[in-house]
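Spelled out from the first residue to the last, the chains are:
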Amino acid sequence: EADIYQTPRYLVIGTGKKITLECSQTMGHDKMYWYQQDPGMELHLIHYSYGVNSTEKGDLSSESTVSRIRTEHFPLTLESARPSHTSQYLCASRADRGPFIGELFFGEGSRLTVL
Amino acid sequence: TQLLEQSPQFLSIQEGENLTVYCNSSSVFSSLQWYRQEPGEGPVLLVTVVTGGEVKKLKRLTFQFGDARKDSSLHITAAQPGDTGLYLCAGAPFNDYKLSFGAGTTVTVRA
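Listed in order, the protein sequences are those of chains A and B. Residue 480 is where the first sequence starts when you use this note's numbering, and the numbers rise one by one after that. Residue 6 is where the second sequence starts when you use this note's numbering, and the numbers rise one by one after that.
None of these hints come from the bench; they were simulated from the model. Just so it is clear, CB atoms sit at the ideal spot from N, CA and C, and this is done for glycine as well. The reader is advised that the hints may include incorrect statements.
Claimed, not checked - Result set (DSS-like, lysine-lysine): computed pairs, CA atoms no more than 30 angstroms apart in a straight line:
| id | chain 1 | residue 1 | chain 2 | residue 2 |
| --- | --- | --- | --- | --- |
| 1 | B | Lys75 | B | Lys62 |
| 2 | B | Lys62 | A | Lys510 |
| 3 | A | Lys497 | A | Lys536 |
| 4 | A | Lys497 | A | Lys510 |
| 5 | B | Lys75 | B | Lys103 |
| 6 | B | Lys61 | B | Lys103 |
| 7 | B | Lys75 | B | Lys61 |
| 8 | B | Lys64 | B | Lys75 |
| 9 | A | Lys497 | B | Lys103 |
| 10 | B | Lys62 | B | Lys103 |
| 11 | B | Lys75 | A | Lys510 |
| 12 | A | Lys536 | A | Lys496 |
| 13 | B | Lys62 | A | Lys497 |
| 14 | A | Lys536 | B | Lys103 |
| 15 | B | Lys103 | A | Lys510 |
| 16 | A | Lys510 | A | Lys536 |
| 17 | A | Lys536 | B | Lys75 |
| 18 | B | Lys103 | B | Lys64 |
Unchecked claim - Listed below are several chain B residues computed to face chain A (Cβ distance under 8 angstroms; list not exhaustive):
| id | residue |
| --- | --- |
| 19 | Leu9 |
| 20 | Ser12 |
| 21 | Glu46 |
| 22 | Lys103 |
| 23 | Ala108 |
Isolated chain B (complex conformation) (with noise of 0.2 angstroms):
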């Protein structure tokens, strides 16, 4: 059983579209962040969001941590070719180093 289930698992729009990837939880994070890989590359770092209730914008990309600190959502405005990639969750439990991933979505935007 993952601890991180992310939704959808795949995700194919046009370019300009929006879209929303959703990752959730049954336990609290102390921190939450997201990260895109693309391919043949590692996982990179996109925001850390650490407030129950939190929104984070960066340029077209929103991100909400939920209230009970439990979920977190993504939201991509206008999507770009250049968005396309693997987008990992990842939650950082209270007094723990280690991080627990979600399986991903893999996003394609086409041009």
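Isolated chain A, as found in the complex (with noise of 0.2 angstroms):
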């Protein structure tokens, strides 16, 4: 079983709130990655960090900022919510050894509506 947590697991708030997605993970994984999912649609990257002090943007672009501190914490913000924002988030982190890409590991998702 994963351990990649993420909370909230279903938030509901309007226009214009700041809001904070956790994503916390104990194995230790330098990587960690943020993923939107929509009904039909790939899942698409908006953050990553390779490790403590590195983030990056990745390939939609998103108006939402991330942090990485601390090996264990990878937080998504929103600094003013708006309804195209409405989505599953996805919280992921993976340990890669040897030349190929390792497993990524999901947390439950966090589901966002904005009204």
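Take the two lone chains, each set in its own frame, and fit them into one complex as the hints suggest.
Given below as structure tokens:
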């Protein structure tokens, strides 16, 4: 069973509110990722980190920001939520061993609804 | 334009039937992974294939990686209701740690 946790699981908020989605893993993985998932669409990478104090934007432009102050913690923040931010947000971590890509461990997701 | 195209998008079959899900791309991948996601959960890795032409079998599931490393298939024999879920393929380009995901195939196995 994966040791990666996301909170909250569900969040309904009004437009303009600031929100933070929490993600923590206890596996000591250096690489962590945030994906956005909408029905019928591929998972879009919005942020990733390869270690403490390292963060990069992913392939899908996002108004959210992330931080990586500790290895185990990778929170995502939206300063001013809008209805277009309504989506499922998945956090994942990975440890690569050898030349090939390792297993991505996903949290259960945070479903955000912005009214 | 999706980097990885999965087909079909939806598949509904009766328990005991066989099914095949496809994952195609014009890009070459160093490795390809298949994940299954159940409602309310995050995706869980089923398999990683790393060699062109490779075939991996996990009980009733058979995974194939194309010779040119651009496509893959997942075949389930004698499907069971527990196989119901969203099946996602993900490809890793050479020299890049970022995976690209397909949109997934939703499989429903009716009892």
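Comparing the hints with the structure gives:
no. : hint                : verdict
1   : B:Lys75 / B:Lys62   : 19 angstroms, holds
2   : B:Lys62 / A:Lys510  : 29 angstroms, holds
3   : A:Lys497 / A:Lys536 : 20 angstroms, holds
4   : A:Lys497 / A:Lys510 : 26 angstroms, holds
5   : B:Lys75 / B:Lys103  : 16 angstroms, holds
6   : B:Lys61 / B:Lys103  : 23 angstroms, holds
7   : B:Lys75 / B:Lys61   : 16 angstroms, holds
8   : B:Lys64 / B:Lys75   : 25 angstroms, holds
9   : A:Lys497 / B:Lys103 : 28 angstroms, holds
10  : B:Lys62 / B:Lys103  : 26 angstroms, holds
11  : B:Lys75 / A:Lys510  : 25 angstroms, holds
12  : A:Lys536 / A:Lys496 : 22 angstroms, holds
13  : B:Lys62 / A:Lys497  : 47 angstroms, violated
14  : A:Lys536 / B:Lys103 : 11 angstroms, holds
15  : B:Lys103 / A:Lys510 : 10 angstroms, holds
16  : A:Lys510 / A:Lys536 : 14 angstroms, holds
17  : A:Lys536 / B:Lys75  : 26 angstroms, holds
18  : B:Lys103 / B:Lys64  : 29 angstroms, holds
19  : Leu9                : 7 angstroms, holds
20  : Ser12               : 13 angstroms, violated
21  : Glu46               : 6 angstroms, holds
22  : Lys103              : 6 angstroms, holds
23  : Ala108              : 5 angstroms, holds
Hint violations for this structure: numbers 13 and 20, all remaining hints satisfied.
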